[in-house]
Structures are given as C-alpha cells and as structure tokens.
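Engineer: Given the coordinates of chain A, work out where chains B and C should sit on it, guided by the hints.
Each chain, letter by letter, is given below.
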Amino acid sequence: MDYRICSLTGFKIHKTAEDLVKWNMVTAILFLTLGGFMGLLMALTRWPSVHYLDATHYYRFLTLHGFNALLLWILFFEIGLVYFTSAILLNTRVVAPFVGWIAYALMLVGAMFVNIVVFAGKADVLFTSYVPLKANGVYYLGIIIFAVGALTAFGHFFANIIQAKRDGAYKNTLPLGTFGLAAASIIGVFTLAHGAVIMIPVFFWSIDLIKYIDPGTYRLIFWALGHASQQINVCAMVAMWYMSAAFVLGANPVNEKLSRTAFVLYILFINIASEHHLLVDPIFSTWHKVVNTGYMMHLAVLASMIHAFAIPASMEVALRKKGYTKGLFDWLKNAPWGNPAFSATFLSIIGFGFLGGITGVIFGTEQFNIIRHNTFAITGHFHATVVSGTTVAFMGGTYLLIPYIFRREIILPRLAAFQPYLYAIGVAVMLIGMIAAGSYGVPRRHWDITFSSAIFPFSFDPSTDIFLSIMGVGGLLAVLGGVIFIIVSLGSIMFGRRTE
Amino acid sequence: MAEEKKTEEGQEPVPAWQLFYDNIFLLLFLGIAIPTLVYTVWGLMEIVQIPELPVFKP
Amino acid sequence: MAIKEPERIWWKPYTRDERLWVAMALLWMMVSFVFMPVYHFIGAQNPPNETYRVGDKEKFRALVDGMVNKYKVGEEKGFPIVKPEPGSDVFVQASMWQWYPILELQQGKTYRIHLSSMDITHGFSIQPINMNFTVLPGYDYVVTLTPTTAGDYYIICNEYCGLGHHLMVGKMIVKQGGN
Chain A
38 MDYRICSLTG FKIHKTAEDL VKWNMVTAIL FLTLGGFMGL LMALTRWPSV
88 HYLDATHYYR FLTLHGFNAL LLWILFFEIG LVYFTSAILL NTRVVAPFVG
138 WIAYALMLVG AMFVNIVVFA GKADVLFTSY VPLKANGVYY LGIIIFAVGA
188 LTAFGHFFAN IIQAKRDGAY KNTLPLGTFG LAAASIIGVF TLAHGAVIMI
238 PVFFWSIDLI KYIDPGTYRL IFWALGHASQ QINVCAMVAM WYMSAAFVLG
288 ANPVNEKLSR TAFVLYILFI NIASEHHLLV DPIFSTWHKV VNTGYMMHLA
338 VLASMIHAFA IPASMEVALR KKGYTKGLFD WLKNAPWGNP AFSATFLSII
388 GFGFLGGITG VIFGTEQFNI IRHNTFAITG HFHATVVSGT TVAFMGGTYL
438 LIPYIFRREI ILPRLAAFQP YLYAIGVAVM LIGMIAAGSY GVPRRHWDIT
488 FSSAIFPFSF DPSTDIFLSI MGVGGLLAVL GGVIFIIVSL GSIMFGRRTE
Chain B
9 MAEEKKTEEG QEPVPAWQLF YDNIFLLLFL GIAIPTLVYT VWGLMEIVQI
59 PELPVFKP
Chain C
29 MAIKEPERIW WKPYTRDERL WVAMALLWMM VSFVFMPVYH FIGAQNPPNE
79 TYRVGDKEKF RALVDGMVNK YKVGEEKGFP IVKPEPGSDV FVQASMWQWY
129 PILELQQGKT YRIHLSSMDI THGFSIQPIN MNFTVLPGYD YVVTLTPTTA
179 GDYYIICNEY CGLGHHLMVG KMIVKQGGN
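Chains as they are written, first to last, in my numbering: chain A, 38 to 537; chain B, 9 to 66; chain C, 29 to 207.
So that you can see chain A by itself, here it is in the shape it has in the complex (with noise of 0.2 Å):
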C-alpha cells in the first residue's frame, strides 16, 4: 500500500485515492472551461444590444452550457469530494482502485459523446430534451454511459467507507464532511436510477426500436435526475463549507446533531423538491404538488437554515478562539478574507442562502409558480443556487486542496484571493438582472425575445432591455472571475512551487 503524510494536515494520503481526487478534479476544471465559455456566448446573446449567435447556434451552445456547466464540471468535482472524503479524510485507501478509474473512464465517455453529437448539431434539445423533441440515440448513450460511470463511483463511496470501518479508520461516526457526501452519494443513487429508468427507454424510441414515450412521465422522471441531481451539489457543497471551515480555521461544528439533522433531512426529503418543474403541468393533483413541494420539502429548507446557522456560528466560535473577541464583529472583521478558500465558502453561503434559496422557495410555491415559470427569474434562480453557491464552493475547494492533493502552492496569489469577490459579484449582478427581466415575463431559453419576426407583434416592458443589459455586465464580470480562476488553478498545479 503506498501512502503517504500530508506535511500540511498529518493526513495520511494513499495514492490512489491522490490520484483519483487529481484526475477528476482537473477533468471537471476542464469542462468548466468549455461550459464557461459557452455561457458567455449566452450572455452575449441574451443581451439585447449585442444579440451575438444566431439561432442554430445559440440552441446549440445553450444545450452545451447546460450539460458541461451544470452536469460535468459539478459531477467530476463531486467525485473528486467521493474520494476525497471516503479515503483521505478517514486517513484509509481506495478499495478496489480499478473501480474508480472505471467510473471515470465512463463518465469521460459519456461526456465526449454528448459534447460530440452536440457539437456536430445532431441533438439541439436543449439540457432538458423533452420527449417528443429528439436528438440522435448518441446523445441518450452518451448520457446513459455517464449515469452509469457517476452511480459506478457512488457506489464505490459506499464501499469505500465499508472498508474504512473494517480497517478501523472510524469507530461509529464518520466525519461531518464524509456524512456530508454520504448524503450527496445517497441522493446520487436515487438521481441517476431515475436517470437510467427513463434515459434508456428514450434511447431505444430515438433509434426506433421503441415506438411512444410519454411525455408527462418523462417529465416526471427526468425532473428526478434534472432537478434532484442539483441536491446532490447542495449536499457536497454544504459537505465543502464544513471542510474549509475546519481547515482555514481549525472550526469545530457547534452542535455535531444540529448539522447532522440537517443532512438527514436533505437525505429524506429534498428529492421531491423535483415537483418545483411539474407546478404548472398538467396530469399531476393539486396534492401530489402540494405534498411533493409544500409539506415535505419545507422540512429540506429547514436544514438549510439550520446549516445557515451552524457554519458562521461555527466559524464566529473558531475566531474568537483565536482572540477575536472585541465587540459582536471582531471576528468578522478578521476573518482571513484575503485567503480565497475562505472568501469562497463564505460568498458562496450568501449567494446560495440569500440569492438561492430565498427565490427558490419563492418560485416553488404553487401559486407564485404561475407567474415565473419557465421565466428568465428561474434562471436566476438556478445560477444562485448552482453558479453562485455550488461553483463558488467548489472554487474555494480547488483552491484549499491544490496544496493538499496536488502538493503546489497556489500561484498569483492576489489574483487568487481577489477572483471569488470578482466572480460572485458578478454573478450575483448577472443572476439580478435576470430575476428582474422575469418578473416581467421575459423566457428563458428563447433566442429573440423582441419578437421581430413574430406574426403578431409583442415587445416587453421597455425596462427589460435595461435588466437584461445588467445581466450581460455581470455575466462579463462573471467571465472573468472565471477566466482568472482557470488561469490561478490550472496555473497553480502545472507550475506552483512543490510544497514538499
């Protein structure tokens, strides 16, 4: 076995495990370069004044944006987390290493196989691929090898930690951050079932072997890959503020029940969250909506508020222990802001707290659903959730585990600790601007919202341009807090300095 001691946390890191953690995490860095870029196409082009791609092209690039955005700059990176957490956090190994390098060799398959009959304009149907539109069946393979190649490496989580037990490497409890991305594994399993059950039939109807599929129980189930597979980002993101809270500041969870409740209600409960799609659909009762998006999963939203609470109580505890103790904000003022690992999580607990959940549970009532569905205010909505909160964390995680895992010191250090602020402002401008153009009733995904070549004659509230001129400003923003995180972490682990 071959293992090794971290220098800077007395981890005992095995190779494998190492190894894994790099491959993904650099894979996922890539695809978030092609996805960002895609969505700066899209933000030219939503921008009235500048309106760049054309139509072909903008469906095109928009489909691209949302599979390597959404689905594999944010899976690849979870599955770094899987082993970062069931391995190197318990100080133990990877059972059974082919099985990750498998899963990873699938997931990249079926990533290339998307991207490529995207790319070649075989399968415009936009991230969601409603039934009856249909791509080529490689775009429903390509899907189906990286559901398979995802559920391979959360399953591996779980007998990872199996393993970890025999070995001795926990007693009874793991890690909050190793329970935290056991409840991102848990809803990954459910997720990528759901995947399978519909995307296989689907696969079969576009290569004509199966004659109808049905559209409202496509939706059904897509919405519990679609949507559920955003509560695997809630988790590992949660799972990541807790991680950097406990490595930037040696922070303890103020009450290990409290955080754990929080993730067992994510667990039971926030996969119905998926009925937020079907509120203004036909076929499903008033009750299946109300029990699927009310009752229950209000019971998801307290554990996000709980986990609102524990991490800054957690952090404010941490740095009064470090002698921040002079009035109600000293510890606030001398958080180690310019350390961009911390600045990340705590922008990214903000952005998704106040800009992503709040709009959320706003836009998830039955009633306040008729009037943004579908509206431009749900991208907002998601960009706060996913870009602002997920990818903010996620950026505060490259930066935190370049020393650790790849062993290099992060280069240009100012720039770094500068990017996250650069990045979410410009996000958070971004997604405003689209939350204000919605509420006008502005569409998302729609290539020409002036309607120029329409039959009938509609144009939207004037102010609408404005919004969505402070849409494409942030999304600049935006880009360049990317490009400059891109620059800093792929940079950083081809040439920073060898910590050891």
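The set of hints was computed from the structure by calculation and includes no laboratory data.
A couple of the hints might just be wrong.
Said to hold, decoys possible - Okay, derived cross-link-like pairs now, DSSO-like style, lysine-lysine, Cα gap no bigger than 30 Å in a straight line:
hint: 1; chain 1: C; residue 1: 98; chain 2: C; residue 2: 85
hint: 2; chain 1: C; residue 1: 32; chain 2: A; residue 2: 359
hint: 3; chain 1: A; residue 1: 59; chain 2: A; residue 2: 208
hint: 4; chain 1: C; residue 1: 137; chain 2: C; residue 2: 105
hint: 5; chain 1: C; residue 1: 203; chain 2: C; residue 2: 105
hint: 6; chain 1: A; residue 1: 59; chain 2: A; residue 2: 49
hint: 7; chain 1: C; residue 1: 111; chain 2: C; residue 2: 137
hint: 8; chain 1: C; residue 1: 87; chain 2: C; residue 2: 98
hint: 9; chain 1: C; residue 1: 137; chain 2: A; residue 2: 171
hint: 10; chain 1: A; residue 1: 359; chain 2: C; residue 2: 40
hint: 11; chain 1: C; residue 1: 32; chain 2: A; residue 2: 59
hint: 12; chain 1: A; residue 1: 248; chain 2: C; residue 2: 85
hint: 13; chain 1: A; residue 1: 370; chain 2: A; residue 2: 358
hint: 14; chain 1: C; residue 1: 32; chain 2: A; residue 2: 202
hint: 15; chain 1: A; residue 1: 358; chain 2: A; residue 2: 49
hint: 16; chain 1: C; residue 1: 100; chain 2: C; residue 2: 137
hint: 17; chain 1: C; residue 1: 100; chain 2: A; residue 2: 171
hint: 18; chain 1: A; residue 1: 370; chain 2: A; residue 2: 49
hint: 19; chain 1: A; residue 1: 359; chain 2: A; residue 2: 294
hint: 20; chain 1: A; residue 1: 208; chain 2: C; residue 2: 98
hint: 21; chain 1: C; residue 1: 32; chain 2: A; residue 2: 49
hint: 22; chain 1: A; residue 1: 208; chain 2: C; residue 2: 111
hint: 23; chain 1: C; residue 1: 85; chain 2: C; residue 2: 100
hint: 24; chain 1: A; residue 1: 159; chain 2: C; residue 2: 85
hint: 25; chain 1: A; residue 1: 202; chain 2: A; residue 2: 59
hint: 26; chain 1: A; residue 1: 294; chain 2: C; residue 2: 87
hint: 27; chain 1: A; residue 1: 52; chain 2: A; residue 2: 208
hint: 28; chain 1: A; residue 1: 358; chain 2: C; residue 2: 40
hint: 29; chain 1: C; residue 1: 32; chain 2: A; residue 2: 52
hint: 30; chain 1: C; residue 1: 98; chain 2: A; residue 2: 202
hint: 31; chain 1: A; residue 1: 208; chain 2: A; residue 2: 370
hint: 32; chain 1: C; residue 1: 111; chain 2: C; residue 2: 203
hint: 33; chain 1: A; residue 1: 202; chain 2: A; residue 2: 49
hint: 34; chain 1: A; residue 1: 358; chain 2: C; residue 2: 100
hint: 35; chain 1: C; residue 1: 105; chain 2: A; residue 2: 370
hint: 36; chain 1: C; residue 1: 87; chain 2: A; residue 2: 248
hint: 37; chain 1: C; residue 1: 40; chain 2: A; residue 2: 294
As the list claims (entries may be wrong) - Ranges of calculated distance between the beta carbons of each label pair, as one might list FRET restraints:
hint: 38; chain 1: C; residue 1: 106; chain 2: A; residue 2: 395; range: 41 to 47 Å
hint: 39; chain 1: A; residue 1: 527; chain 2: B; residue 2: 28; range: 39 to 45 Å
hint: 40; chain 1: A; residue 1: 199; chain 2: B; residue 2: 28; range: 45 to 51 Å
C-beta atoms are modelled at their ideal positions from N, C-alpha and C, and glycine is treated no differently.
Structural biologist: For chains B and C alone, coordinates are given in the frame of chain A:
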C-alpha cells in the same frame, strides 16, 4: 482522533437517534424509498388514472 | 471537527440559541406549509388541475375546428378570431410554431380553456400579465380563467420547441362587458 481515545468502550449507551444517524445504509434505503414513493410512484399512479377526453357538445 | 470523527457520544441537547433559531425557522416553514393549500380555498388564482388524456390528436383538432366554425367572428393575419359563449369549453391548439385560433373573450366572464399540443411540448405564456402553463402533446389541460381587464394579450411560447420558437406568438382579445 485523539479525543475519542479518552472514552473507554461500553460506558454509557449510545442514544438510539445517534445509531440511526450513523447507519448510512438505513439512510440510503430511506433516502431512496421516500422520494420514490412520494414523488415517482404516486406521480405514475396519477398519470395512469387520467380520464379520457370526454365528449363535448359542439 | 468536520474532518475528524466526533467523540463517542455526540447526541447532546441543543443550546438555547440553537433551539431559538430552529423554532424561528420552523415557524416560518409552518406559515409557508399552511398557506399553499389554504390559498386554494381563499385565493383567486391557483394552478388548475383538470386534465384529460387525448388519445388521438385529430380528436382535439376536430374540437378546435368545430369551435372555430361555430363561433368565428373575424380574421386577423390569416388566423380566425373566435368569440365563444361565456362559460363554454374553449379549445386552443399549440403546434410548431403557432397558437390557434385567436380568442375573443368578455371581461368578467369565465371560460374553460383547453390546451393541447399537436407535436411537441410548448409553454402557454400570457403576456404582458405573465401567466404560464405547460402544454403537452397527448394531454388536455383545462385552465379555467376569468379575464379581469380588457385589452389585447399575446401568447408567447416559453418552452423551447425548435428553431422557430421565437416566432410562436398568438393573440387573445378581452372586450369590455355588455354583449
């Protein structure tokens, strides 16, 4: 790791809720069963029960 | 620490501020909880839940055509303008890339508007008041609505439906009371 060595095995009993939280595989089961029943199965049942379009008087 | 195994027994009572915070969050949750179903009884605007299965799309098309033949009062840009009786069943069909026909409704009267798609998924989005519903092929979604303000409304499609998505605009006219 250093702190837990202080406690000897088998002192006071571990609370049942803690045992539940530590049982990842029970959580795995529940975490799949609950949404599958409440969201997926219930949803499919409703899809199956949708009535046919009635006859409208022209 | 979040990166180490906690002590043997970590199931401990909550402190006072933890209890306070959770209680406040729960209270907020309860208000949200209760309001969603309660609004179905006290509110004026709720998502409709009347749905039928449309076995054969031609059956729905026939209903649309029957209504157009019976109630047609004019034409605009090649689209018939239909003025159905208040309280009646009104049929609107979505297809790539049009809403058919144009409806003329009376302010303050209630209509049962049936929505169905002939091809793929569309989004029925009434502008500028911004109300949105999903239109699926194979299903009939019955939206019972009472227009409260007279004027011209436009129906845009807000679910991606191919390259002509941005061309898909329909019209609905609401006339002031009287006859």
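Engineer: A separate judgement is required for each hint: does it hold in the structure or not?
Structural biologist: For each hint, the structure was consulted:
no.: 1; hint: C:98 / C:85; in the structure: holds (20 Å)
no.: 2; hint: C:32 / A:359; in the structure: holds (20 Å)
no.: 3; hint: A:59 / A:208; in the structure: holds (28 Å)
no.: 4; hint: C:137 / C:105; in the structure: holds (26 Å)
no.: 5; hint: C:203 / C:105; in the structure: holds (19 Å)
no.: 6; hint: A:59 / A:49; in the structure: holds (16 Å)
no.: 7; hint: C:111 / C:137; in the structure: holds (12 Å)
no.: 8; hint: C:87 / C:98; in the structure: holds (17 Å)
no.: 9; hint: C:137 / A:171; in the structure: violated (40 Å)
no.: 10; hint: A:359 / C:40; in the structure: holds (25 Å)
no.: 11; hint: C:32 / A:59; in the structure: holds (22 Å)
no.: 12; hint: A:248 / C:85; in the structure: holds (16 Å)
no.: 13; hint: A:370 / A:358; in the structure: holds (14 Å)
no.: 14; hint: C:32 / A:202; in the structure: holds (14 Å)
no.: 15; hint: A:358 / A:49; in the structure: holds (27 Å)
no.: 16; hint: C:100 / C:137; in the structure: holds (18 Å)
no.: 17; hint: C:100 / A:171; in the structure: violated (36 Å)
no.: 18; hint: A:370 / A:49; in the structure: violated (34 Å)
no.: 19; hint: A:359 / A:294; in the structure: holds (25 Å)
no.: 20; hint: A:208 / C:98; in the structure: violated (77 Å)
no.: 21; hint: C:32 / A:49; in the structure: holds (13 Å)
no.: 22; hint: A:208 / C:111; in the structure: violated (74 Å)
no.: 23; hint: C:85 / C:100; in the structure: holds (22 Å)
no.: 24; hint: A:159 / C:85; in the structure: holds (27 Å)
no.: 25; hint: A:202 / A:59; in the structure: holds (25 Å)
no.: 26; hint: A:294 / C:87; in the structure: violated (59 Å)
no.: 27; hint: A:52 / A:208; in the structure: holds (23 Å)
no.: 28; hint: A:358 / C:40; in the structure: holds (22 Å)
no.: 29; hint: C:32 / A:52; in the structure: holds (20 Å)
no.: 30; hint: C:98 / A:202; in the structure: violated (75 Å)
no.: 31; hint: A:208 / A:370; in the structure: violated (38 Å)
no.: 32; hint: C:111 / C:203; in the structure: holds (10 Å)
no.: 33; hint: A:202 / A:49; in the structure: holds (16 Å)
no.: 34; hint: A:358 / C:100; in the structure: violated (78 Å)
no.: 35; hint: C:105 / A:370; in the structure: violated (65 Å)
no.: 36; hint: C:87 / A:248; in the structure: holds (20 Å)
no.: 37; hint: C:40 / A:294; in the structure: holds (7 Å)
no.: 38; hint: C:106 / A:395: 41 to 47 Å; in the structure: holds (46 Å)
no.: 39; hint: A:527 / B:28: 39 to 45 Å; in the structure: holds (43 Å)
no.: 40; hint: A:199 / B:28: 45 to 51 Å; in the structure: violated (18 Å)
Checked against the numbered hints given earlier, the structure breaks hints 9, 17, 18, 20, 22, 26, 30, 31, 34, 35 and 40 and satisfies all the rest.
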